[in-house]
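Engineer: Read off the chains here:
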Amino acid sequence: MIYEGKRKIWSEYQKEIPDDHYFYVRSCIRQSFFPASEATFLRITREALGKDIFETEHHTTCGGIAYHSDTIPQETVMTIIARQFALMAKYGYENYVCSCITSFGLYCETLETWREFPELEAKIRDNLWKSCKLEFAKPKFLIHASDLIYKYRNNIAAQAVRKLVNVHTGEPLKVVEHIGCHYSKMFPSKGVGGAEYPYVLVGMIEAWGGEIVDYPERRHCCGFGFRQYFIKGNRGYSLSNTHKKFESMEPFKPDLIITNCPGCPYFLDRWQYVIAESTGKTYGQDGHGIPALTYEEVAGLVMGYDPWDLGLQTHQVGVEPLLDKMGVEYDPAKKYLGKGGKDLGTPVACSCLR
Amino acid sequence: MGKYYDMLMRDYRLKEGLNACINCGTCTAICPAAEFYRYDPRRIVDIVQSKDDNEIEKLLKSDTIWYCGECMSCVTRCPRKNAAGLIIMSLRNLSIELGYFIESEKGRQQYLLTKDLCSNILDYGYCVYPRRFDYEGHPESGRVWEWEEKHLDDVFERLGGNLDGSGRGAMRRIPKEDLDQLKAIFDITGATERMETVRKAGERKAAELGMTVREFTEKVYSESSPKHLNH
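Protein chains in written order, with numbering that gives the first Met the number 0: chain A, 0 to 353; chain B, 0 to 230.
Hints are computed from structural coordinates only; laboratory data are not their basis.
Everything numeric in this text was worked out from a predicted model, so none of it was measured.
Watch out, some of these pointers could steer you wrong.
[Said to hold, decoys possible] Taking beta-carbon pairs under 8 Å as the criterion, some of the chain A residues facing chain B (in silico):
#  : residue
1  : I71
2  : Q73
3  : S130
4  : P187
5  : S188
6  : A194
7  : I211
8  : H219
9  : N233
10 : K338
[What the hints assert, rightly or not] Part of the chain B face toward chain A, derived, beta carbon under 8 Å:
#  : residue
11 : R12
12 : R37
13 : D39
Note that the Cβ used here is the ideal one computed from N, Cα and C, for glycine as well.
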């Protein structure tokens, strides 16, 4: 990568990220598939960084997946969002941090649409009162959870027990960063670093000692496509887009992919499994895949958290080669155990992907 | 001339998304859907701004408007700040309102999407709920999800989740008063009415095709004609 030009672009796309006191809302997909990542976000921000991150059981989905699958009207999703914002104000917060990228993009779109069309904001305010008897409010600061980890990336580095470095060679790990499309493609000014060269994950990789992989399809969508995944007959769309990305990154031999979107780590992980099992092609070394992790999982590894506490056993692509490169100590026998060592058996082995 | 355009213009997404397209084709070049499907967002935007009722009606009844994945990659690159993705969303919205969506194979998928996603929201407060995400219907979710599905409560407990539990945490049971508020939002903002419109249109189509609702659902979930593909 030519850093001089990128740094100029990054300097033009900076956003204000408050130090502390956030109202936290979860992601439907991450709660379902990566619950440990959200737990790790709270562990790092609350315990390691000492921040006030408030959560209430009363918040719900933002409706974003249903909206982007065109199943609910715009007015519906905006009123659900207004309800989330109203809960934030009710509990005394003005900084809003969300775990989901689809939500983040939709919140940005909603606030911008309200700004442009005040009559729509007035209608949503009215809808909110009629349906929930809640007072309308808007956040003073809206950020994605990865923005907060980015802000404190150097504090995390200072507490880290290891780096993104191959302990056997001393070389930095080669890391692909994959940003969720709705983080900044619609509103580049709302994301750290903009849309063409987002800096939010690059900053983490740099701070934690890794080397960024620049490859042609770096900004290409993972292929979720909402309706293009939920309907079985459409899934070729999703698979083809992930395949395109892996074919593009393969020559650079990445050790790891880091993502900030709920769906992307799932698709970049599971479609590798499908490609391997259906064609025999694998993208890592010696029949392994390339681990696609969340930024919290990567932060947890450098902080020295147990990989099975981080949920790395729920990835289909085995993470052991990465753990070995990083010098992470782990007990293979504990990988699939439940709480208190409960025996849960093990997944059926794949026929091709190691 | 312009009847459908005027209807589309009532949608804020079209007001935001269409600003005199110059037909450069940058959106098509960057579009993940255009590479996979026989899909050209440049052409769609051009038809909409032509205000030609016949052509717009063909779009509303076609498979074409259902190919987009709403990644919004087009928005970043358009030199005129158009948003083909938002224009698609407004076309889909009108297609559903007018009942035209049921005429195409891809449009018909709204029957299943609406039923599943809206029930997840109204029943649980989430768009995705793990007990309704099965390995059998999602074999690509892998052997690891097959394992998780068998031990869902234990896996959530191990990973710090709170599946169906009270209080805070990942996948907690959302209190009834909050689900009631979501239902009230659906009722007053048109989502409940839309669910009914889509359900009835699907059931009519099933009858027209001589199928039971179950057979129709399976067909909608799995069917994909090769005619959609780009190669």
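Engineer: Decide, hint by hint, whether the structure agrees.
Structural biologist: Cross-check of the supplied hints:
Given the 8 Å rule on beta carbons, the hint for A:I71 holds: about 5 Å separates it from the nearest Cβ of chain B. Hint on A:Q73 holds. Least Cβ distance to chain B is approximately 7 Å, under the 8 Å limit. Against a cut-off of 8 Å between C-beta atoms, the interface hint on A:S130 holds, since the closest Cβ of chain B lies about 4 Å away. For A:P187, the shortest C-beta to C-beta distance to chain B is roughly 7 Å, which falls under 8 Å, so the interface hint holds.
The closest approach between the C-beta of A:S188 and any C-beta of chain B is roughly 12 Å, which is over the 8 Å cut-off, so the hint fails. For A:A194, the interface hint holds, the least distance from its beta-carbon to any beta-carbon of chain B being 5 Å, beneath 8 Å. A distance limit of 8 Å between C-beta atoms decides the matter here; for A:I211 the minimum to chain B is near 20 Å, and the interface restraint is violated. The criterion of a C-beta within 8 Å of any C-beta in chain B is met by A:H219, whose closest approach is roughly 7 Å, and the hint holds.
Nearest Cβ of chain B to the Cβ of A:N233: about 7 Å, under the 8 Å cut. The hint holds. Using the Cβ-Cβ criterion of 8 Å, the hint placing A:K338 at the interface with chain B is satisfied: the shortest such distance is roughly 5 Å. Checking B:R12 against chain A by beta carbon gives a least distance of about 7 Å; that is within 8 Å, so the hint holds. Interface hint status for B:R37: violated, as the beta-carbon distance to the closest one in chain A is roughly 12 Å, over 8 Å.
At a threshold of 8 Å, the smallest CB-CB gap from B:D39 to chain A is about 16 Å, leaving the interface hint violated.
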